[in-house]
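Residue 194 in my numbering sits at position 127 of the sequence shown, with consecutive numbering throughout.
Careful: at least some of the hints might be erroneous.
[To be verified] Label-pair distances were calculated between CB atoms; the ranges are:
no., residue 1, residue 2, range
1, 78, 420, 23 to 29 Å
2, 193, 454, 54 to 60 Å
3, 267, 310, 42 to 48 Å
4, 422, 181, 35 to 41 Å
5, 433, 267, 41 to 47 Å
6, 84, 283, 39 to 45 Å
7, 286, 352, 47 to 53 Å
[Claimed, not checked] List time: in silico DSS-like cross-link candidates among lysine-lysine, alpha-carbon distance up to 30 Å:
no., residue 1, residue 2
8, 184, 195
9, 148, 184
10, 332, 297
Calculated directly from the structure, the hints in this document are not laboratory data.
Note that the Cβ used here is the ideal one computed from N, Cα and C, for glycine as well.
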Amino acid sequence: MFINFLQFLRQNGLAVSVGEWMTLMDGLARGLADCSLLGFYELCRCICIKREDHLDLYDQCFAAFFHNIEPHVSLHDDLLKWLENPIAPKELSAEDKAKFKTLDFEALKKQFEERLKEQKERHDGGSKWIGTGGTSPFGHSGYHPEGIRVGGESWNKSAVQIASQRRFQNLRHDLVLDTRQISVALRKLRKLSNDSQREELDLEKTIRKTGDNAGDISLVFRKEKRNSIKLLLLMDIGGSMTSHSFISERLFSAAYASRHFRHFKYYFFHNCPYETLFTDVALGEGIATNDVMQKLDPSWKVIVVGDAAMSPYELTMPGGSVDWYHHNEDAGIVWLRRLKEHFKRSVWLNPEPEEYWNIASNRMVRQVYPMFPLSIEGIEMAVEHLRR
Numbered sequence: 068m069f070i071n072f073l074q075f076l077r078q079n080g081l082a083v084s085v086g087e088w089m090t091l092m093d094g095l096a097r098g099l100a101d102c103s104l105l106g107f108y109e110l111c112r113c114i115c116i117k118r119e120d121h122l123d124l125y126d127q128c129f130a131a132f133f134h135n136i137e138p139h140v141s142l143h144d145d146l147l148k149w150l151e152n153p154i155a156p157k158e159l160s161a162e163d164k165a166k167f168k169t170l171d172f173e174a175l176k177k178q179f180e181e182r183l184k185e186q187k188e189r190h191d192g193g194s195k196w197i198g199t200g201g202t203s204p205f206g207h208s209g210y211h212p213e214g215i216r217v218g219g220e221s222w223n224k225s226a227v228q229i230a231s232q233r234r235f236q237n238l239r240h241d242l243v244l245d246t247r248q249i250s251v252a253l254r255k256l257r258k259l260s261n262d263s264q265r266e267e268l269d270l271e272k273t274i275r276k277t278g279d280n281a282g283d284i285s286l287v288f289r290k291e292k293r294n295s296i297k298l299l300l301l302m303d304i305g306g307s308m309t310s311h312s313f314i315s316e317r318l319f320s321a322a323y324a325s326r327h328f329r330h331f332k333y334y335f336f337h338n339c340p341y342e343t344l345f346t347d348v349a350l351g352e353g354i355a356t357n358d359v360m361q362k363l364d365p366s367w368k369v370i371v372v373g374d375a376a377m378s379p380y381e382l383t384m385p386g387g388s389v390d391w392y393h394h395n396e397d398a399g400i401v402w403l404r405r406l407k408e409h410f411k412r413s414v415w416l417n418p419e420p421e422e423y424w425n426i427a428s429n430r431m432v433r434q435v436y437p438m439f440p441l442s443i444e445g446i447e448m449a450v451e452h453l454r455r
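From just these sequences and the hints, can you work out the full model?
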């Protein structure tokens with residue numbers, strides 16, 4: 068039953084196992100879906116979707132499979148504003164309602180796409196444009212026996228309507244997201260070890276030993292496990308990175324506030340790390356890069372954040388630094404290699420879309436550092452690389 072839906076989910080990247088699907092079938096047999104498509108939608112999502120960043124993709128698959136709804140339609144901001152504050156719907160007689168023409172879905176979709184391209188202003192109470200309070204098949208708060216609701220509230224609250232609202236769009240793993248989700252991604256970097264001198268209660272062994280002693284409580288302790296990961300964050304600021312300051316700040320905040328690392332340090336640079344790593348770029352305060360490498364042993368994990376967009380001379384030539392008053396005796400690529408050779412596990416996160424990674428400076432940086440996009444999915448791939 069619904070086997071085609073299972074295959075459709077898998078084809079679109081949702082790893083639904085046979086075991087989860089059999090559990091779903093068992094739930095349906097027990098009547099847990101309340102014999103409705105809405106019930107099936109909620110039950111299937113509860114059993115088969117294990118990650119919050121897959122919720123939006125599940126909704127798109129559900130809407131597309133059960134109602135031929137396109138997974139995504141881009142609506143410009145002006146249109147959404149035109150649909151605010153709807154007018155009261157017209158009162159229609161039974162004769163008026165009987166005059167409506169029916170359209171197949173493909174024709175309806177084609178008309179909708181044409182209206183999106185042609186509409187230039189707000190419309191209310193009409194029968195053609197995307198508006199409110201009228202008899203058009205497009206819009207909301209009016210009447211039409213079939214159509215595409217845009218904005219407004221659903222009256223029927225069907226499963227397909229709920230799915231097509233894409234309430235979980237901001238949880239997608241391929242979008243640049245908030246501090247909490249970045250923190251969750253960084254948490255996977257942790258490595259627990261029991262080298263701490265503190266002890267904690269081993270609850271499982273305590274219960275087992277207490278049972279063996281016929282209920283006489285016997286406490287069992289073990290060394291406290293602590294995260295042994297040490298993280299160094301190097302961040303490019305200023306210049307072309309200014310437009311990416313929002314997400315860079317989110318990554319920094321997540322790492323700084325995280326309790327998942329045994330030690331955490333951060334420094335800044337502009338375009339390329341040279342002989343100095345800064346604690347305050349504006350004031351020129353920092354520490355010699357060589358001193359950082361002397362103080363931090365090779366077991367530190369390193370995350371470098373930057374768009375790798377600079378003149379190739381900054382990487383290849385002594386004195387090639389973009390700062391006129393700064394003369395670097397060693398080329399930027401030399402410093403990148405020194406850092407890479409000292410710290411055995413390091414990655415580069417780039418906030419620019421991957422289609423812009425083909426410039427000369429970016430290609431040179433990627434010859435030294437494995438580069439990943441600065442998104443939740445990219446951070447997860449980078450963390451996995453650091454854990455190897």
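Hints, one by one, checked against the model:
no. : hint                     : verdict
1   : 78 with 420: 23 to 29 Å  : holds (25 Å)
2   : 193 with 454: 54 to 60 Å : holds (59 Å)
3   : 267 with 310: 42 to 48 Å : holds (46 Å)
4   : 422 with 181: 35 to 41 Å : violated (30 Å)
5   : 433 with 267: 41 to 47 Å : holds (44 Å)
6   : 84 with 283: 39 to 45 Å  : holds (43 Å)
7   : 286 with 352: 47 to 53 Å : holds (51 Å)
8   : 184 with 195             : holds (13 Å)
9   : 148 with 184             : holds (16 Å)
10  : 332 with 297             : holds (8 Å)
When the structure is compared with the earlier hints, a violation turns up for hint 4 alone.
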